[in-house]
Each structure stands twice: as C-alpha cells, then as structure tokens.
Amino acid sequence: MNKIPKILLQVESSTEYGRALLTGFARYSQLHGPWEFYREFPVAQTHREKHGPWESHKRLTGGSAGVDAIRKAGFDAIITRDNENIEELKSLQIPCIIIADRYNAEALRDFTAVFSDDEMIGSKAAQYFLERGYRNFGYCGVDELLWSRDRCRSFANAITKANKNLNIYQRPKSKIKCKWPLEREAIIGWLKTLPKPAAVFACNDERGQQIVSACKAAGFDIPNEIAVLGVDNDCLACMLSNPPLSSIALNAVRIGYEAAKILGQILADGENKKTKLYVQPIGVVTRKSSDFLTIGDAIVSDAVQ
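Quick note: the sequence shown uses my numbering, first residue 1, plus one each step.
Heads up, a few of these hints could be off.
What the hints assert, rightly or not - List time: in silico DMTMM-like cross-link candidates among lysine to aspartate or glutamate, alpha-carbon distance up to 25 Å:
(1) Lys192 with Asp143
(2) Lys179 with Asp143
(3) Lys3 with Glu225
Note that these hints are calculated values from the structure, not bench results.
The structure displayed is predicted, hence computed values, not measured ones.
Kindly produce the complete structure, drawing on both the sequences and the hints.
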C-alpha cells in the first residue's frame with residue numbers, strides 16, 4: 001500500500017481568496033490523491049494588528065519554533081503563503097510550493113511559486129473602464145507593495161496608450177497619516193482633484209472599500225460621479241460595501257489546483273524544477289459601484305441608464 005503524503009497547508013481561511021486556494025488543493029487531491037492535509041501545525045501568526053491589513057498573510061511559519069514543529073511532525077511537503085521567511089522554509093528540506101506575491105519574486109528564485117498575473121489585472125481594469133466610455137481615470141494603491149505597483153503600471157500604460165487622463169494617488173509619507181481615518185482625508189482631497197465622471201481602479205477590494213467610504217464622506221455620487229473597481233472579488237466584502245463593490249475576480253481555485261499539481265509532480269519525480277507560474281484573472285464582476293455607462297450626449301446617457 002502506497003504511503004499517503006502528509007501535506008501542511010499554511011493558507012488562511014479567513015478570506016475568500018484563501019478559501020478558494022484551499023478548494024483548489026482539495027480538488028486536486030480528490031482527483032489525483034489522496035493526500036492528507038494538515039492546517040494546525042504550527043499555529044499561524046497573523047500580523048494584521050501589528051503590521052496592518054496588507055501584511056495579514058505573510059508570516060505563517062511561526063519562526064524557529066514553528067520550523068521545529070513542522071520538522072518533528074514529519075510532513076512530506078508544504079504549501080504556504082509565507083513570503084517572508086525564506087531561510088526558514090529552506091531549512092525544512094522538504095518540497096515547498098509558495099503562493100506568492102510578485103514583490104518577493106527574486107527571493108523566491110530557489111522555490112516553486114505560483115503568482116497572480118498582476119500586469120494582466122491592471123490591463124483588464126483599464127479595458128473594462130475604457131469600454132464603458134470613461135475619459136478620466138484614477139489609480140489608488142499601496143505604494144510600497146510591488147504587486148500594487150505592477151497593477152498600476154499596466155493600468156497606466158493602457159490608459160496612456162488610449163490618450164486619456166490619469167491621476168495616480170500618492171500615499172502620505174508619514175506612517176501616522178497612512179492610518180485610517182487620517183488617510184481618508186488625503187484620499188478625499190485626491191478625489192476632489194479628479195475631473196468627473198471618473199473611473200477609479202483600486203489595487204484590491206480593501207482599498208476599493210476605502211475609496212467608497214471616502215466618496216461617501218465627500219458627498220460624491222457612486223457611480224455617476226466616481227466609479228470604483230477593486231480586485232479579489234471577495235463577495236462578502238464587496239456586498240458589505242455601500243454601494244456593492246465591483247471587482248476583478250482572481251482565479252484562486254485554479255491557482256490552488258495548479259500549485260497542488262506542481263507539488264504532485266515533484267513528489268512523483270523527486271525533482272524540484274523551481275517552476276514559476278502566473279495565473280490570469282477570470283474577469284470583472286460588475287456591481288453597483290461601477291454600473292454606469294459614460295456617453296457624451298446627456299439625453300442619450302439618461303435614456304441608456
């Protein structure tokens with residue numbers, strides 16, 4: 001009887017994205033396993049309170065104590081969203097697949113990693129808004145994160161190529177002023193500079209919710225004055241937004257499946273080829289925050305609406 005591989009999954013289940021990744025792992029195991037999954041060794045460390053919402057998934061190995069626990073448990077492989085503790089992961093000396101952010105791509109050169117295609121995400125956002133007739137655009141991201149800058153760059157390239165107006169939000173330099181609700185005042189000031197109607201692309205759903213909040217506080221009509229589009233399509237988060245937030249759906253189930261597929265090949269062949277795989281998003285899910293068509297003739301626009 002063949003030994004059933006023991007796989008440690010260090011992926012959060014608190015987000016829709018994380019749950020979709022887990023669904024992808026499960027589908028592969030059901031078709032090509034079975035695999036025995038573990039999700040409680042060691043206790044994951046969530047940095048949200050210490051480092052803010054953008055860092056919530058980064059440190060999951062749990063430091064040296066966590067590495068020791070993993071080693072003693074006798075896992076055959078690990079699939080993780082820990083993008084920071086590269087040396088700890090190397091020291092495990094077992095196959096490791098990282099569901100990664102592109103910002104850490106160079107550090108991941110010795111690992112197999114699966115990424116969302118951030119450049120395609122930016123391009124899809126631009127195409128979506130351009131097809132709806134917008135002339136004025138904004139991008140609101142998180143300057144210090146490379147994946148946010150990648151989405152911004154591809155979005156900006158498409159808007160510039162179309163000869164449209166683009167204004168990119170610059171975060172305050174002070175960390176204190178970057179904390180909500182202080183940053184909301186900075187975003188409100190930025191939104192006021194945008195010619196209306198404007199289409200604003202946010203780097204993710206959390207940023208999209210903040211844009212919606214700033215618009216409401218400033219009295220801007222969504223989507224008639226400002227349309228908002230996020231990324232991740234976290235359905236609960238999008239529906240809790242008022243109005244509900246449009247979002248680009250990432251193919252997280254496929255990301256999880258492909259990560260498991262690569263791991264299956266490594267376990268079968270015993271060879272880690274250090275593959276880098278980029279998975280394209282599914283597309284835009286339109287909700288009320290962007291459900292508006294810009295037409296030059298006001299009478300025709302009213303009739304279409």
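Hint-by-hint comparison with the structure:
1. For the hint pairing Lys192 with Asp143, the CA-to-CA distance comes to about 20 Å; that is within 25 Å, so the pair holds.
2. Of the pairs offered as hints, the one joining Lys179 and Asp143 holds, with about 14 Å between alpha carbons and a cut-off of 25 Å not exceeded.
3. Distance check on the hinted pair: Lys3 and Glu225 sit about 60 Å apart at the alpha-carbon level, beyond 25 Å; violated.
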